[in-house]
Amino acid sequence: MHELGIVMNIAGTVLDVMKEQNLTTVQKIVLQVGELSSVIPSYLHECYPAAVDGTELADTVLEIEVIPGNARCKECGEVYNLLKQKRICPSCGVDNWDLVSGKEFNLKEIAAC
Amino acid sequence: MDEFKVIEIKKSIFEGNDRKAEELREDLKKRGVFLMNLMSSPGSGKTTTVMRTIEALKDDFRIGVMEADIDSDVDAKTVSTSGAKVIQLHTGGMCHLDATMTEQGLTSLGTEDLDFVVLENIGNLICTADFDTGSAMNTMILSVPEGDDKPLKYPNMFAMVDVLIINKMDAAEFFDFDLEAVKERVFKLNPDIKVFPVSAKTGEGISEWTMYLKNEVKNWKEI
Ligand SMILES: Nc1nc2c(ncn2[C@@H]2O[C@H](COP(=O)(O)OP(=O)(O)OP(=O)(O)O)[C@@H](O)[C@H]2O)c(=O)[nH]1
Ligand SMILES: [Mg+2]
Ligand SMILES: [Zn+2]
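Order-wise, the sequence lines are chains G and F. Quick note: the first sequence uses this note's numbering, first residue 5, plus one each step. Quick note: the second sequence uses this note's numbering, first residue 1219, plus one each step.
Hints may be right or wrong, so weigh each one.
Here are the in silico distance ranges between beta carbons for each label pair [said to hold, decoys possible]:
1. Lys1223/F <-> Gly16/G: 18 to 24 Å
2. Asp1396/F <-> Ile44/G: 27 to 33 Å
3. Lys1229/F <-> Leu87/G: 21 to 27 Å
4. Ser1425/F <-> Glu67/G: 50 to 56 Å
5. Ile92/G <-> Phe1392/F: 27 to 33 Å
6. Ser95/G <-> Glu1398/F: 27 to 33 Å
7. Val1413/F <-> Gln25/G: 45 to 51 Å
8. Gln31/G <-> Glu1398/F: 54 to 60 Å
9. Thr29/G <-> Lys1419/F: 55 to 61 Å
10. Gln31/G <-> Asp1396/F: 52 to 58 Å
If you're looking for bench data, these hints aren't it; they were derived computationally from the structure. Even glycine gets a Cβ: it sits at the ideal position worked out from N, Cα and C.
Full structure from sequences and hints, please.
Printed below as a string of C-alpha cells:
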C-alpha cells in the first residue's frame, strides 16, 4: 500500500524535527500535497490513523493543503492549471510548458510543544 | 497544559529518502557495485529482459538480481537458472521500494562479490518514480501492447528515467505501435533519455542495449 509507506516517511520526518527542536508533543501536522504528485490526499487521511496507531503521533490531527499543478506556457508566458486545461495553453493553444507547481510533498508545519 | 505553537518546517517528505539514497549510491560507488533500478508495468517483460541481459554480460561482470514482486517467487526461480545470484525481496504489500528497503535487500543479497546488481522493482509506474533507491541507473521498460500513449499518461516516470527500453517490438505491427511517436513524446519530457527498442523474445536490439549498459558499468567502476 502506497499511502502506508508514505505515512511512515511522514512520521520519520516529523520525529526528526521533534528531536532537532526538543519537542515532546505534536498536536497537528500540516502537509502540502501537489496535484501532480503520486500522493492521494483522501487515501492518506484514511490510512493515517492506522499507520500512526501506537506511535508518538497517535493522537495527532492531519491536515492537507492541495497545491495546484500549474505550468507556464513557453510560447506566451500564460500560467494555467495543467489538469483543468488538459495541458494545452488556454491562451495560445500549444502544449509546451515549464512546471511551476504541483509536485510538492512537503511537511509544511506542525503544532507542537 | 502547555500551549501548542505552530512551527513552520517546509521540508520535503521525500528528503529523508533522497538523503539515504545518496549515501547508498556513494557507498556502492566506493565498492564498485553498479545498481540498476528496473521499473515497468506488470508483464512488460522485465524478467525476460533481465535474462537476456545476464546472458549477454555474464562473462564480463558478476551479476546479482533482487526480485521485488509482491507475492510470488516465480521470477526469482526463473532468474536463478541464469547463474546470477538472486534473492526475492519481501515487500509486505508495498507498491514501491525506497532506499532503506533497497539497502536491506543489498545486505541480504551480499554484494562483496558482485559488479552489477539489477533491482526488479514492483510493477507500478506511479510511485516507484518518486522514490530514489540509490541506483546508479534508472531504467524503464515500456512494452508495445501497453500503447504508444503511455508517456502522456505517466509523464513523471518518463521524465525521471535514464534509459527507456521499448520491449516486444516483434509485436509492433499487431498493436499499431508508433515508435517514432513514442520517441517524440519521450524526448519532449526528457531530452537526455536513451531509448532502446528491443524484443526480449527474439533478441532483436538486445546487443545495442547491453553494449551501452556494459560501458556504463565499466565507467562506474573505473572513474
Ligand atoms: N511477444 C513478446 N512477448 C514477450 C517479450 N518479452 C516478454 N514477453 C512475454 O511477456 C510475458 C511477461 O514477461 P515477463 O518477462 O514475465 O514480464 P515481467 O515484467 O517480468 O512480469 P511481472 O514480473 O509479472 O510484472 C511473458 O509471457 C513473456 O514471454 C517480447 O519481446 N515479445
Ligand atoms: Mg517479472
Ligand atoms: Zn501559451
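Each hint tested on the structure:
1. In this structure, Lys1223/F and Gly16/G meet the distance hint of 18 to 24 Å, their C-beta atoms being roughly 22 Å apart.
2. A hinted range of 27 to 33 Å holds for the C-beta pair Asp1396/F and Ile44/G, which are about 32 Å apart.
3. Against the hinted window of 21 to 27 Å, the Cβ-Cβ separation of Lys1229/F and Leu87/G comes to about 26 Å, which satisfies the hint.
4. Under the hint 50 to 56 Å, the C-beta atoms of Ser1425/F and Glu67/G, about 54 Å apart, fit the expected range.
5. Under the hint 27 to 33 Å, the C-beta atoms of Ile92/G and Phe1392/F, about 31 Å apart, fit the expected range.
6. Against the hinted window of 27 to 33 Å, the Cβ-Cβ separation of Ser95/G and Glu1398/F comes to about 30 Å, which satisfies the hint.
7. Checked against the hint of 45 to 51 Å, the pair Val1413/F and Gln25/G passes, with Cβ atoms roughly 47 Å apart.
8. For Gln31/G and Glu1398/F, the Cβ-Cβ distance of about 56 Å falls inside the hinted range of 54 to 60 Å, so the restraint holds.
9. For Thr29/G paired with Lys1419/F, a C-beta distance near 59 Å keeps the hint of 55 to 61 Å intact.
10. The supplied range of 52 to 58 Å is met by Gln31/G and Asp1396/F, whose beta-carbon atoms lie about 55 Å from each other.
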